[in-house]
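Trainee: Now for the letters of each chain:
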Amino acid sequence: MNKDTDLKKLIRRTYLVFFQDGLWDIFLGLFIIGWGLSILTDLAYLVGGWFICFYFIIWGIKRWLTYPRIGYVKLGDREKKIRMGISIVLGIMVLVGIAFAIAFITDERPQWIADYFPLIFSGLLALLVGGITWSFGIYRFLFYAALIFIAGVVQQWTEIEWAYSYIGAGVVIILLGIIILIHFIQKYPKMPQEQLDELS
Amino acid sequence: MSSLDENRVRKPTKLINRIIHEPARYLIVAYLYVVESADALYLQRQTGLTWGNLSSHLSKLESVGYVQIIKEFLDKKPHTMLQLTKDGRKAFEEYRENMKQVLNKLPQV
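From first to last, the protein sequence lines stand for chains A and B. The first sequence begins at 7 in the working numbering and counts up one residue at a time. The second sequence begins at 21 in the working numbering and counts up one residue at a time.
Don't read these hints as lab results, they were simulated from the structure. All C-beta atoms, glycine included, are put in the ideal place defined by N, C-alpha and C. Just so you know, not all the hints are guaranteed correct.
If you anchor each label on the Cβ, the simulated ranges turn out as follows [unchecked claim]: (1) GLU56/B x LEU133/A: 27 to 33 Å; (2) THR164/A x ARG109/B: 52 to 58 Å; (3) GLU56/B x VAL95/A: 18 to 24 Å; (4) LEU133/A x LEU94/B: 32 to 38 Å; (5) GLU82/B x LYS86/A: 23 to 29 Å; (6) GLU113/B x TRP70/A: 34 to 40 Å; (7) LEU126/B x LEU181/A: 31 to 37 Å; (8) ARG84/A x THR105/B: 17 to 23 Å; (9) TRP70/A x GLU56/B: 21 to 27 Å; (10) LEU181/A x LEU94/B: 54 to 60 Å; (11) LEU126/B x VAL177/A: 55 to 61 Å; (12) GLU56/B x ASP121/A: 44 to 50 Å.
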C-alpha cells in the first residue's frame with residue numbers, strides 16, 4: 007500500500023497510462039520512417055504533413071482501442087500546464103527542424119549546416135524525444151532517442167544513405183511499439199459493455 | 021491551547037477520517053486527487069479492485085460528498101466521470117496531514 011500511496015508515483019502512473027499502449031512508440035517510428043522516406047524522395051518539406059497526419063491517426067486509434075480497455079482520465083490543472091509548456095517547446099523545435107530542413111534543401115544555407123546537417127537534425131530530434139519523455143518518466147523513449155541520434159552519427163561518418171539509417175531506426179521503434187501494443191491488448195481485454203453500464 | 025490542539029495531543033486517532041482511512045477508499049481518493057476526473061474503468065484498472073468493491077466504495081464516498089458524478093459526452097456517447105469534490109480534496113489533505121502527525125508522535129523503539 008505504501009508504494010501506491012506516494013502521490014508522485016500516482017502522478018507518474020497517470021502519465022504512463024498515456025504511453026502504455028505502445029501507440030506513441032508507433033507514432034514516433036512512423037514519423038522517423040516518414041522523414042527517411044521524404045529524404046529518399048526529395049520531399050523533405052512534407053515532414054510537417056507526415057507529423058500532423060500520424061498524430062490524428064494515432065489519437066483516433068487511441069479512442070477506439072485504448073480508452074475502452076483502461077478507461078478515460080483528465081489530467082489536473084498543474085499537469086495541463088506542464089503539457090502546454092511541453093507542447094510549446096515541441097512546436098518551437100519542430101519549427102527549428104523545418105527551418106533546418108528548408109536551409110538544407112535551398113542554396114542559401116551556411117556551410118556548417120550543410121556539413122553537419124544529419125548530426126544537427128538527429129541531435130535536435132533525439133533531445134526533443136528524450137527530453138519530453140524523460141520529464142514524464144517514460145524511460146524507454148530514451149532508447150529511441152539514442153537510436154535517432156545514432157542514425158545521424160551513422161550518416162555523418164559513413165557512406166550509408168542517410169534516409170536508410172532513419173528508416174532502420176524507425177522500423178526498430180515501430181516493432182518495439184507493436185510488441186508493447188500486443189502486450190497491452192493481452193493484459194487489458196476490452197471490458198464488456200454490461201459491466202461498464204453497471205457503474206455508469 | 022485550542023480544543024483542536026488538545027484533541028491532537030490527547031486523542032490523535034480521533035482526527036483520522038475513517039472514511040478515507042479504509043485502504044481501498046484511500047486508493048480511490050488518492051487516484052482522483054492527482055487528476056481532474058476519471059471514469060470508473062480507469063479507477064478499476066489502476067486500483068485493481070473488483071467492480072463490486074469499487075462500486076460500493078464509490079457509493080460510500082459519494083454519500084459523504086467526497087466524490088461527485090459528472091455526466092458528459094465522449095464521442096457523442098454519454099460517459100460518466102468521477103471527480104473529487106472540494107470537500108473531498110480538503111478531507112484528503114487533512115487526512116494526510118493528521119496521519120503524519122499521528123505517526124510522528126509514535127515513540128521510537
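Trainee: Please go over all the hints and tell whether each is borne out by the structure.
Mentor: Hints and how they fare:
1. GLU56/B x LEU133/A: 27 to 33 Å: Since the Cβ atoms of GLU56/B and LEU133/A sit about 30 Å apart, the hinted range of 27 to 33 Å holds.
2. THR164/A x ARG109/B: 52 to 58 Å: 57 Å, holds
3. GLU56/B x VAL95/A: 18 to 24 Å: Hint holds: Cβ distance 23 Å, inside 18 to 24 Å.
4. LEU133/A x LEU94/B: 32 to 38 Å: 35 Å, holds
5. GLU82/B x LYS86/A: 23 to 29 Å: For LYS86/A against GLU82/B, whose Cβ atoms are near 25 Å apart, the range 23 to 29 Å holds.
6. GLU113/B x TRP70/A: 34 to 40 Å: 38 Å, holds
7. LEU126/B x LEU181/A: 31 to 37 Å: 53 Å, violated
8. ARG84/A x THR105/B: 17 to 23 Å: 19 Å, holds
9. TRP70/A x GLU56/B: 21 to 27 Å: 23 Å, holds
10. LEU181/A x LEU94/B: 54 to 60 Å: 32 Å, violated
11. LEU126/B x VAL177/A: 55 to 61 Å: 57 Å, holds
12. GLU56/B x ASP121/A: 44 to 50 Å: 49 Å, holds
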